[in-house]
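Protein chains in written order, with the working numbering: chain W, 1 to 270; chain E, 1 to 294.
Honestly, the hints are just simulated from the structure, not real lab data. Virtual Cβ for every residue (Gly too), placed ideally from N, Cα, C. It is possible that some hints are incorrect.
[Claimed, not checked] Each computed EDC-like pair below joins lysine to aspartate or glutamate, with the alpha-carbon atoms no more than 20 Å apart:
1. Lys148(W) - Asp161(W)
2. Lys49(W) - Glu35(W)
3. Lys92(E) - Asp74(W)
4. Lys140(W) - Glu155(W)
5. Lys290(E) - Glu122(W)
6. Lys184(W) - Glu245(W)
7. Lys184(W) - Asp98(W)
8. Lys258(W) - Glu242(W)
9. Lys92(E) - Glu35(W)
10. Lys184(W) - Glu165(E)
11. Lys179(E) - Glu165(E)
12. Lys285(E) - Glu242(W)
13. Lys290(E) - Asp158(W)
14. Lys148(W) - Asp98(W)
15. Lys137(W) - Asp161(W)
16. Lys290(E) - Glu245(W)
17. Lys184(W) - Glu242(W)
18. Lys258(W) - Glu245(W)
19. Lys49(W) - Asp158(W)
20. Lys179(E) - Glu122(W)
21. Lys250(W) - Asp74(W)
22. Lys258(W) - Asp41(W)
23. Lys96(W) - Asp74(W)
24. Lys285(E) - Asp154(E)
[Claimed, not checked] Computed far set for chain E versus chain W, every beta-carbon distance over 12 Å:
25. Val13
26. Tyr86
27. Cys103
28. Ile113
29. Glu165
30. Ala169
31. Leu182
32. Pro226
33. Pro256
34. Ile271
Listed below, chain by chain, are the residues.
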Amino acid sequence: MIEMKNNIVSFANNTVTQKRPVQLSVEHVNIFYGENHAVKDVTIPIHEKSITALIGPSGCGKSTFLRTINRMNDLIPSARCEGTISYKAVNILNPKVDVVQLRKEIGMVFQQPNPFPKSISENIQLPLRFAGVRSKKVLKQVTEDCLKQVGLWDEVKDRLDRSATSLSGGQQQRLCIARALALKPDVILLDEPTSALDPVSSAKIEELLLELKTSYTIVIVTHNMQQAARIADYTAFFYQGELVEFGTTKTLFTTPEKKSTADYISGRFG
Amino acid sequence: MNSKVTNRIALSVIVLCAAAMATILISMLGYILVKGLSSISWHFLTTSASPFMPGGGIKDQLWNSFYVLFITMLLTVPIGVCGGIYLAEYAKPGKVTSFIRTCVEVLASLPSIVVGMFGLLLFVNYFGFKYSVLSGALALTVFNLPVIVRVTEDGFRALPRHQKEGGLALGMTHWHTIKTILLPAAFPSILTGIILSAGRVFGESAALLFTAGLSTPDLNFGNWNPLAPNSPLNLFRSAETLSVHIWSVNTGGIMPDVDTIANGSAAVLVICVLIFNLFARMLGKIINQKFSGK
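Chain W extracted, bound-state conformation (with noise of 0.2 Å):
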């Protein structure tokens, strides 16, 4: 396992001092597969324009959680939710809440890239075309804006009527984070979006995410704690199902309070 000396980690971007305004404010969450709890009264502030990392062991409730905050996990018919994630004044969890529109303010990526089998402009144009984008023009710009803003532009301007598959991996899946922005959300959540990828895709996304924080709310489940270290403002500590420990990436990573959060980051376990 990773011997990680805290003092030789960098914390390139905690220069946010000053606590940034909550955009999500998750409460007492309880997530059930069936009769497993899965996640256990979960309690912890997102804010906002900043990177909040969450890290810990496989199935400890950290992609569960994730997928929680955009009601993914609806998808699952043996899922039971319970507590409050405040967004603008609303409770996310409220059955009635409408989840395609939530699912446009409150974007998603996956460890997985998935663009569809289609061309690549069509992966970004198609949901666009569905939020009542009609303008060919506009459509073509917002292509070309978020290409650009992921760095993929160069790369795919002249083939962007390819197909996005035979794209590489790592352009793949700045392909999907660039489908994301184009509905211009307030939030974008990360499942593991580079354990799939190689070192070198996964230096340029992590880049992206230190870019795109600027103006937007991030949220990234990751493995990799160094990565945590490198770009998350805050990090919370999930451990079978419960949260651990929440603080900025700096004091959890220098000072943590709990022993458990203190053997996963030096490597003693997970």
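Based on these hints, arrange chain E on the given structure of chain W.
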């Protein structure tokens, strides 16, 4: 025994079985084609069958086969595809769903003669459609519907789950995700399945014996008014299809060239099914390329 020897034995057994399978299939196909091709001529394909004189053709039977197939597909494809989408995408796992799925499976493996008898009772007698194109097509619908449902459901289930999640996570509704992402992605496999099932329907005889009938009225191929009794398009006339014709000339034909007609018809039937299959593959490939971009 040495594991290398086991490996070699396993390989030889598998190769032997594969060779046996290929030999049986190829020799059967070869036999039908060799015996039948010589009797196929333009005259054979474009002449009506004669009841007792030699030199009859299969024009009406060939037309009936395609017409019944067309009506069957018109009935089964929309219902079957929608049913398959329902089972794959909307049905909640539970007792009712698994019961429906079991029904579909049982229906798919129902002996076709049973479907024929059912069609005789329900469509021919109870609904009073008589021996007709419509009765035949409805019986074949019972026979083919479960296949289309299965093909569609399997096509959807074979898609990676993250495609659907991707669509939903981008603020699209479930239906829009199905329509714009899942259905196009599953379309090539569904289409291939549909065309292959068309081959099965085309060659079906037992289900049609008691529903579409063993005779065809004198068809006037100049009369395309579907209400006229001698029109090829009339749904309520009896219609002997090619495969039923093979059966009927072999069992009760009194024309002197029974063998030639049966052999020729069999070859035509096999060639049609072969064309369906090749067409299915080609079309699936082209559409796959088209939908997924170049």
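Status of each hint after checking the structure:
no.: 1; hint: Lys148(W) - Asp161(W); verdict: holds (17 Å)
no.: 2; hint: Lys49(W) - Glu35(W); verdict: violated (36 Å)
no.: 3; hint: Lys92(E) - Asp74(W); verdict: holds (12 Å)
no.: 4; hint: Lys140(W) - Glu155(W); verdict: holds (16 Å)
no.: 5; hint: Lys290(E) - Glu122(W); verdict: holds (13 Å)
no.: 6; hint: Lys184(W) - Glu245(W); verdict: violated (31 Å)
no.: 7; hint: Lys184(W) - Asp98(W); verdict: holds (17 Å)
no.: 8; hint: Lys258(W) - Glu242(W); verdict: holds (13 Å)
no.: 9; hint: Lys92(E) - Glu35(W); verdict: holds (18 Å)
no.: 10; hint: Lys184(W) - Glu165(E); verdict: holds (19 Å)
no.: 11; hint: Lys179(E) - Glu165(E); verdict: holds (14 Å)
no.: 12; hint: Lys285(E) - Glu242(W); verdict: violated (49 Å)
no.: 13; hint: Lys290(E) - Asp158(W); verdict: holds (19 Å)
no.: 14; hint: Lys148(W) - Asp98(W); verdict: violated (31 Å)
no.: 15; hint: Lys137(W) - Asp161(W); verdict: holds (16 Å)
no.: 16; hint: Lys290(E) - Glu245(W); verdict: violated (51 Å)
no.: 17; hint: Lys184(W) - Glu242(W); verdict: violated (32 Å)
no.: 18; hint: Lys258(W) - Glu245(W); verdict: holds (7 Å)
no.: 19; hint: Lys49(W) - Asp158(W); verdict: violated (33 Å)
no.: 20; hint: Lys179(E) - Glu122(W); verdict: holds (14 Å)
no.: 21; hint: Lys250(W) - Asp74(W); verdict: violated (34 Å)
no.: 22; hint: Lys258(W) - Asp41(W); verdict: holds (17 Å)
no.: 23; hint: Lys96(W) - Asp74(W); verdict: holds (13 Å)
no.: 24; hint: Lys285(E) - Asp154(E); verdict: holds (18 Å)
no.: 25; hint: Val13; verdict: holds (39 Å)
no.: 26; hint: Tyr86; verdict: holds (15 Å)
no.: 27; hint: Cys103; verdict: holds (22 Å)
no.: 28; hint: Ile113; verdict: holds (41 Å)
no.: 29; hint: Glu165; verdict: violated (6 Å)
no.: 30; hint: Ala169; verdict: violated (4 Å)
no.: 31; hint: Leu182; verdict: violated (10 Å)
no.: 32; hint: Pro226; verdict: holds (41 Å)
no.: 33; hint: Pro256; verdict: holds (58 Å)
no.: 34; hint: Ile271; verdict: holds (34 Å)
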